[in-house]
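Trainee: As a plain string of letters, each chain reads:
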Amino acid sequence: MAMERVWPLTAEEQEATRKSSATGTPTVIVDDLHIVYKVYGATSAEEKGNAATALLRLVKRQGRPQMREVHAVKGVSFVARHGDAIGIIGRNGSGKSTLLRAIAGLLPPHSGAVYTDGQPSLLGVNAALMKELTGERNITLGCYAMGMTPSEVRAKYDEIVDFSGIGEFVQFPMSTYSSGMGARLRFAIASAKVHDVLLIDEALATGDREFRKRSQKRIMQMRESAGTVFLVAHNLDVIEETCNRVIWLHKGKIKMDGDPAEVIGAYNKA
Amino acid sequence: MSQPDSAVADAQGGAATESLAALAKRHGLRRAIARPSLPFYVKQLWARRHFVLKYATSRNVSKYSQSMLGQLWQLLTPLLNAGVYYLMFGVILDQKKDISNYTAFLITGVFIFTFTQRTVSGGAKSISNNLSLIRALHFPRAALPLAYAVQELQQLLWSMLVLIGIVLLTGEPLTLYWLLIPVALLLQLTFNIGASLFMARVGAFARDMNQLLPFIMRTWLYASGVFFSIPDRVADLPESLAFVQYIMELNPAAAYIELMRDLLIQSHTPPQWAWTTAIFWAVFALVIGFWYFWRAEERYGRG
Numbered sequence: 110m111a112m113e114r115v116w117p118l119t120a121e122e123q124e125a126t127r128k129s130s131a132t133g134t135p136t137v138i139v140d141d142l143h144i145v146y147k148v149y150g151a152t153s154a155e156e157k158g159n160a161a162t163a164l165l166r167l168v169k170r171q172g173r174p175q176m177r178e179v180h181a182v183k184g185v186s187f188v189a190r191h192g193d194a195i196g197i198i199g200r201n202g203s204g205k206s207t208l209l210r211a212i213a214g215l216l217p218p219h220s221g222a223v224y225t226d227g228q229p230s231l232l233g234v235n236a237a238l239m240k241e242l243t244g245e246r247n248i249t250l251g252c253y254a255m256g257m258t259p260s261e262v263r264a265k266y267d268e269i270v271d272f273s274g275i276g277e278f279v280q281f282p283m284s285t286y287s288s289g290m291g292a293r294l295r296f297a298i299a300s301a302k303v304h305d306v307l308l309i310d311e312a313l314a315t316g317d318r319e320f321r322k323r324s325q326k327r328i329m330q331m332r333e334s335a336g337t338v339f340l341v342a343h344n345l346d347v348i349e350e351t352c353n354r355v356i357w358l359h360k361g362k363i364k365m366d367g368d369p370a371e372v373i374g375a376y377n378k379a
Numbered sequence: 007m008s009q010p011d012s013a014v015a016d017a018q019g020g021a022a023t024e025s026l027a028a029l030a031k032r033h034g035l036r037r038a039i040a041r042p043s044l045p046f047y048v049k050q051l052w053a054r055r056h057f058v059l060k061y062a063t064s065r066n067v068s069k070y071s072q073s074m075l076g077q078l079w080q081l082l083t084p085l086l087n088a089g090v091y092y093l094m095f096g097v098i099l100d101q102k103k104d105i106s107n108y109t110a111f112l113i114t115g116v117f118i119f120t121f122t123q124r125t126v127s128g129g130a131k132s133i134s135n136n137l138s139l140i141r142a143l144h145f146p147r148a149a150l151p152l153a154y155a156v157q158e159l160q161q162l163l164w165s166m167l168v169l170i171g172i173v174l175l176t177g178e179p180l181t182l183y184w185l186l187i188p189v190a191l192l193l194q195l196t197f198n199i200g201a202s203l204f205m206a207r208v209g210a211f212a213r214d215m216n217q218l219l220p221f222i223m224r225t226w227l228y229a230s231g232v233f234f235s236i237p238d239r240v241a242d243l244p245e246s247l248a249f250v251q252y253i254m255e256l257n258p259a260a261a262y263i264e265l266m267r268d269l270l271i272q273s274h275t276p277p278q279w280a281w282t283t284a285i286f287w288a289v290f291a292l293v294i295g296f297w298y299f300w301r302a303e304e305r306y307g308r309g
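Same order as they appear, the protein sequences are chains A and B.
Sequential numbering from 110 applies to the first sequence in my numbering.
Sequential numbering from 7 applies to the second sequence in my numbering.
FYI, nobody ran anything at the bench for these hints, they're computed from the structure.
The structure displayed is predicted, hence computed values, not measured ones.
Ideal placement from N, C-alpha and C gives every residue a C-beta, glycine not left out.
You may find that some hints are simply not true.
Simulated pairs of lysine to any residue, SDA-like, Cα-Cα distance not exceeding 25 Å [unchecked claim]: (1) B:K69 - A:A370; (2) A:K265 - B:A53; (3) A:K240 - B:R65; (4) A:K240 - B:S138; (5) B:K31 - A:G221; (6) A:K240 - B:H144; (7) B:K49 - A:E261; (8) A:K240 - B:N66; (9) A:K147 - B:R305; (10) A:K265 - B:R55; (11) B:K131 - B:W164; (12) B:K31 - A:K147; (13) A:K240 - B:G76; (14) A:K302 - B:W79; (15) B:K131 - A:N159; (16) B:K31 - A:E277; (17) B:K31 - A:N159; (18) A:K183 - A:K302; (19) A:K265 - B:R305; (20) A:K265 - B:L78; (21) A:K265 - B:A62; (22) A:K240 - A:V262; (23) B:K131 - A:G256; (24) A:K302 - B:Q50; (25) A:K240 - B:K131; (26) A:K302 - A:S206; (27) A:K302 - B:F145; (28) B:K49 - A:V262; (29) A:K364 - B:A62; (30) A:K302 - B:R65; (31) A:K147 - B:K131; (32) A:K240 - B:R141; (33) A:K240 - A:S220; (34) A:K240 - B:W79.
Selected chain B positions facing chain A (in silico; Cβ < 7 Å) [stated by the list, open to error]: (35) L35; (36) R37; (37) H56; (38) M74.
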């Protein structure tokens, strides 16, 4: 897809790009971003979800009480650059996954904006895969879902199988895989495509030590090929080993942003 | 809290000299969310044709993967359906007296209607059943209802094998008209895709639609002359209600059923306007359905 920039650069812009290449040109700019979304189906204890109460609500012209608004991200701003691998840490519900989805353009901002270069992709090919089908079929299906062409799939197929290290299991349905094997195959498929900006949400949590090393190596490669990687993980070791910058989200706001060792140190103390 | 990193300085200190929006503009970065233009959307969709096909086949394979007979069910399901409907309407309710070759009449009606019914119901669920996919990957969302339509088309091809077998067994001759069968199916497929795209948007935002749809579908089934011949049924109506027949025959499902009966059964006479109705509905549904679905492209899977 849109791997290279399609708009022409003026001489001035080219100069500016060269100058800033020391720090990397911006790839993602998040400008005072607020995300508010609606949640359905959250029933509280006293509100019984039976037909009679539902009818009563209709008669009284009340909306569904199960619908709640969640203000998940409250005014986040930062600039990510070419070659950055940014770890995002924070407690459960601090807005990490929501922020990733917003960067990927999958959630509309309530206010503020996300500016991107090309199309950031969430490493989320899982949703397209079917566990009743063989690994082989799933590799093709997943690659097509990410928008690859048949010739690209053929070219990448062996590499995906090798990288996942599942061997002859590729001929078996994915439902027979161990959770580690499944995670490895999913990461192998998702990372087969060249992404400008890659967003990874908890994908590296599973898998053995050896696979973790390999996937970290692949993330490094992506950084070197001038992409930007965002990584959400609860495992702080993974973040510290992989990232050159860490953002600590707390209740939807940035609490700290900077050097991994420093931010993780502060996070551990808190 | 100390924030010594240069990137933070960009985000905060940089705001003094240059706003983030201006910085984005200078580097040619764009906002992520926007609906593509209609021609570009069609192009994007064409680029995803491999995904549509693969997704449809995969769903069909996975559907029967747990059963011992596996893919044989693609053939067995229509056969069993034909048997049940024949037992109910042909033997027990004995509808066949006024219609020559009632077996072929009934089975054609059931199979052709099932194709439309399953595609449209599938389309209505195609967005809500794939929310995780929509929230994870970028692709033109129309690929999903399209994949469901292709899946049903694959199933229909098996049903047509069964149907043609049954029709030949009931003594109908093979005629040159049979060459028009693909044309009739193509028209029906076009209508199905349009209707399914329309229902996909309705089903995505009106969540109660999926509860209501089975009842709508059953009413449609009974109104489409699957079990009875429409002219016979309205023959007893008073003169002033004669228009009811035209309205029933304008029903797209009835038109596609009558078209197929006309091709397969020699003694069958279709309503005068069957081909015109079939072509009209195919074009109308596709244009309106596609446009209506595209209008909400950026909102699927949100909220």
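Trainee: Determine which of the earlier numbered hints do not hold for this structure and return their numbers in increasing order.
Mentor: Hints 1, 12, 14, 16, 17, 18, 19, 20, 29, 33, 38 contradicted; others consistent.
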